[in-house]
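Peer 1: Residue strings, one per chain:
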Amino acid sequence: MRRYLRFRTLGLFCAAAFMITPTQAQEELRVGVIGNLSGVFASSGTTMVNGVRMAVDEAGGKAGNLPIRLFAVDDEGNPELAVTRLKAMDTRDKVDVIVGPVSGNIGMAAVDWAKESGVPVVVAYSAPEDITMRKAVKNVVRAGWSGAQPMFAFGEYVAKKGWKRIVMVGQDYVFPYNQIGGFLKTFCRNGGEEVIKVWHPLNTTDFSSILAVLPQADAIMYNGAGGDAVAFYKQLEEFGLRKTKPLLGGSNFFAVGSLPAMGKGTVGGLSALQYSDSLDTPQFKKFRDAYVKKYNEPPMATAEHGYVAMNMVINAVQTVGGKDRAKLIEQLRKTNMPDAPRGPVRLDDYGNPIQNIYINEVREVGGKLLNVAIAKIENVSQFGPYDAKTYLADPPDSRDFPPGKCSDPYYKKK
Amino acid sequence: MKGQSIALLALGAGLVVFPFVASDYLMVLALRVLMYSLIVLSFSLLVSQLGLVSLLQTTFAGLGGYAVAILAVLYGWSLPATLFASVGLVLATALLFGLVSLRASGIGFMMLSIALGQMVWALSFQWIDLTKGMDGITGVAAPIVAGLELGDSRQMYLVAGTIVVAAFAASHVLVSSHFGLLLRGIQDNEPRMRALAHPVLRARLVLFLIASLFAGIGGILLTWETRVITPVSLDLSRAVWVLTAAVVGGTGSLLGVPLGVILMVTLEAVLSQYTDRHLMIFGAVLVFSILLLPNGIAAFAADLWARRHGPTRATVAQK
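As they're listed, the protein sequences go chains A and B. Per the working numbering, the first sequence starts with residue 1, numbered consecutively. Per the working numbering, the second sequence starts with residue 1, numbered consecutively.
Since the hints were made in silico from the structure, they are not lab data. There may be inaccurate statements among the hints.
[To be verified] Coverage of chain B stretches by chain A, computed from C-beta distances (three or more under 8 Å per stretch; other residues unrestricted): (1) 21 to 29; (2) 118 to 129; (3) 227 to 240.
Computed from a predicted structure; not experimentally measured. Every residue, glycine too, gets a C-beta built ideally from N, C-alpha and C.
Could you build all of it, start to finish, from the sequences and the hints given here?
Peer 2: Printed below as a string of structure tokens:
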């Protein structure tokens with residue numbers, strides 16, 4: 001009897017194992033969406049998912065004649081867990097395509113997974129340049145940007161403004177290196193003289209030792225985001241340095257989410273991104289109004305990027321007339337979207353968008369602090385003013401590369 | 001006793017049969033269970049044998065992971081050299097940290113373990129030339145070991161499963177040996193063991209090294225499985241995850257380790273599928289399980305067993 005019971009238990013386990021295995025997939029487009037949906041950076045992931053859902057709803061829940069089914073999972077900001085969840089979406093949910101993620105380190109982890117699994121991935125906001133450069137794989141394309149991309153436009157803009165010496169305080173890790181790297185490469189070739197780089201470790205709360213000895217310069221730039229950025233800004237005000245010099249930011253410094261915490265003193269702050277909270281085009285207004293109606297808040301950049309990424313998928317499926325993987329990847333790489341809310345988006349040979357970059361100024365609009373576009377630079381690629389070969393011949397951006405002094409022989413070369 | 005042997009045999013048979021019947025998805029979860037079992041075993045051994053709550057065990061796992069990633073990806077070392085150096089680094093660090101911290105016990109030891117762990121964590125995102133900072137090291141290829149491709153989930157299962165079974169068998173032998181007796185003697189009455197001229201610090205250090213070795217191997221396997229290592233792996237939250245798994249499973253017996261890990265991994269996977277509020281539900285489940293099963297699932301199961309079949313050795317040993 002006891003033995004029988006044991007066999008029964010074993011049988012039950014096996015049965016359970018089979019039951020969890022999904023039944024044969026129906027004809028539908030299964031889309032896995034991955035982003036940070038919990039913790040401190042939850043808003044970036046949830047707004048991206050909002051954008052994805054809005055794109056699906058606008059398409060009537062269908063791509064071509066395939067009904068769309070979304071599987072949204074949380075990466076919890078943990079790359080190791082994210083890879084496990086990606087594997088789960090592949091093996092359990094049998095997804096046809098992945099949209100996401102948002103965070104940089106998770107995007108990098110996702111590329112390795114994509115290379116092995118072959119599942120098409122449309123990276124939404126994650127910005128390490130190697131995703132579409134040194135690690136580029138066929139089945140990964142990007143709806144967003146590389147860290148240096150908006151800064152190419154910004155460097156030229158700032159140099160031409162006549163601000164020749166910039167003191168930059170930045171978070172000491174790869175993304176800010178990439179941002180100031182792009183900035184320097186155009187700044188120095190358009191009349192800039194020097195960017196003095198001051199790096200601080202992540203999660204710094206006290207900047208007084210840095211601010212007390214801040215070198216003289218024409219403008220101050222903070223190259224970072226999140227809690228550090230808010231703390232830096234607050235202390236900049238306390239030291240009485242906010243009004244004395246123009247304030248520039250890395251692309252995420254004046255994020256709409258941080259602006260209320262930073263306060264109205266930010267008005268006039270400048271930064272650059274392929275997105276703006278306020279654009280004067282019918283496509284943008286249509287998107288913004290629909291988003292506000294649906295979610296009752298203005299769309300952040302991440303929301304628009306989720307929306308564009310999902311639309312890239314829908315368009316590709318429509319054109320291909322099905323979800324055949326090889327054809328879908330082929331079509332995704334040919335993406336050309338003239339009517340995206342942010343402006344025209346088309347992919348380069350490496351799968352990264354060539355798009356408008358906006359110089360944004362913080363302004364108060366209807367009682368809200370927003371990044372309003374004051375200048376537009378068209379057709380900026382991830383390689384900036386260079387072709388891919390020239391750009392990739394340089395070492396990757398780091399703490400000290402490219403050099404901060406524009407008199408450096410490096411800038412004489414090209 | 002006979003019942004226990006049969007149960008063990010059934011468990012062994014289950015482990016062997018599993019990769020043949022499980023779906024690809026269950027294999028993903030199973031690998032996670034195997035690898036975290038090593039790390040939780042490492043934690044659980046220190047709690048059960050020495051009464052030491054060490055939040056350093058994920059740090060050793062992370063060190064192992066970082067070492068294989070850095071040596072293989074950035075320096076292109078061969079597999080044997082990488083493995084040898086990685087395990088060596090874990091053991092050397094464990095020796096150093098052990099010498100620093102093992103003179104303390106209780107809260108003091110726990111605080112030291114947190115402090116040392118935080119130091120390594122800070123290093124992992126500030127020593128950018130070596131660790132690539134927040135982005136971590138990606139593109140760690142799963143190697144081929146003895147003709148087995150670890151990139152394939154079923155072949156990885158064979159390797160990881162063998163290691164896990166060996167680690168548990170070794171732990172069982174260790175716990176039931178004279179050395180195990182000495183350890184529990186130290187836990188119960190350290191001054192007396194000292195007075196009896198037992199090498200207290202050395203005994204603690206030996207167990208600490210063994211436990212750290214298990215964690216290090218778990219971390220190496222996990223890095224091969226996910227192809228990535230970042231500072232998040234060294235975050236205090238991972239240590240708390242391991243602590244929770246150990247407590248929920250029960251530190252009274254070795255069986256509690258896999259039970260706790262299976263519960264945690266399953267909850268994580270199932271809840272995250274249905275709701276964004278999974279972390280809250282997760283917390284609630286854990287609170288209730290700790291309130292209702294204070295000695296963990298393993299002790300609860302042993303109690304049930306004892307009620308039906310008479311006491312087992314494990315339950316007797318606990319009392």
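Peer 1: Hint by hint, say whether it matches the structure.
Peer 2: Hint-by-hint comparison with the structure:
1. 21 to 29: With 9 residues close enough to chain A, the hint holds.
2. 118 to 129: Our answer is that it holds, as 4 residues pass the Cβ test (under 8 Å) against chain A, meeting three.
3. 227 to 240: holds (count 6)
Of the numbered hints listed earlier, not one is contradicted by the structure.
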